Amino acid sequence: MIDEYVPCEDILSQINAAKFALHKAGQVVLKGHIQHCVRYNIEHGDADKTIANFTKAVEHFANMH
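Take 302 as the starting number for the sequence shown in this note's numbering and just add one per residue.
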């Protein structure tokens, strides 16, 4: 887009749309992680380790810009 001399406002709008789409994808992944991996590991594994790993995953997701 930059090479095609598209207005900066249009480029920034596209960047914002891409960021939004990535954020929504992250939400879907995080929800699936909770529903499957976290639930399974708490029921069949080490709950403390699972919670620690989940906390780390949420922190990484929250720090996405």
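I should point out that these hints are in silico values taken from the structure, not numbers from a laboratory.
A couple of the hints might just be wrong.
With a straight-line Cα cutoff of 20 Å, these simulated PhoX-like cross-link-like pairs (lysine-lysine) come out [said to hold, decoys possible]:
| no. | residue 1 | residue 2 |
| --- | --- | --- |
| 1 | LYS332 | LYS357 |
| 2 | LYS325 | LYS350 |
| 3 | LYS332 | LYS320 |
| 4 | LYS325 | LYS357 |
Taking CB as the label site, the calculated pair distances span [unchecked claim]:
| no. | residue 1 | residue 2 | range |
| --- | --- | --- | --- |
| 5 | ASP311 | ASP347 | 38 to 44 Å |
| 6 | ALA353 | ILE316 | 49 to 55 Å |
| 7 | PRO308 | HIS345 | 32 to 38 Å |
Since this is a predicted model, take the numbers as computed values, not measurements.
Glycine included, every Cβ here is placed at the ideal spot set by N, Cα and C.
Hint by hint, here is what the structure shows:
This hinted pair checks out: LYS332 and LYS357 have alpha carbons roughly 15 Å apart, not beyond 20 Å. For a cut-off of 20 Å, the pair hint linking LYS325 to LYS350 is broken: about 27 Å separates their Cα positions. For the given pair, LYS332 sits about 18 Å from LYS320 by alpha-carbon distance, which is consistent with the 20 Å threshold. Of the pairs offered as hints, the one joining LYS325 and LYS357 holds, with about 19 Å between alpha carbons and a cut-off of 20 Å not exceeded.
Our hint of 38 to 44 Å for ASP311 and ASP347 is violated, since their Cβ atoms are close to 50 Å apart. Separated by about 34 Å at the C-beta atoms, ALA353 and ILE316 break the suggested range of 49 to 55 Å. Under the hint 32 to 38 Å, the C-beta atoms of PRO308 and HIS345, about 54 Å apart, miss the expected range.
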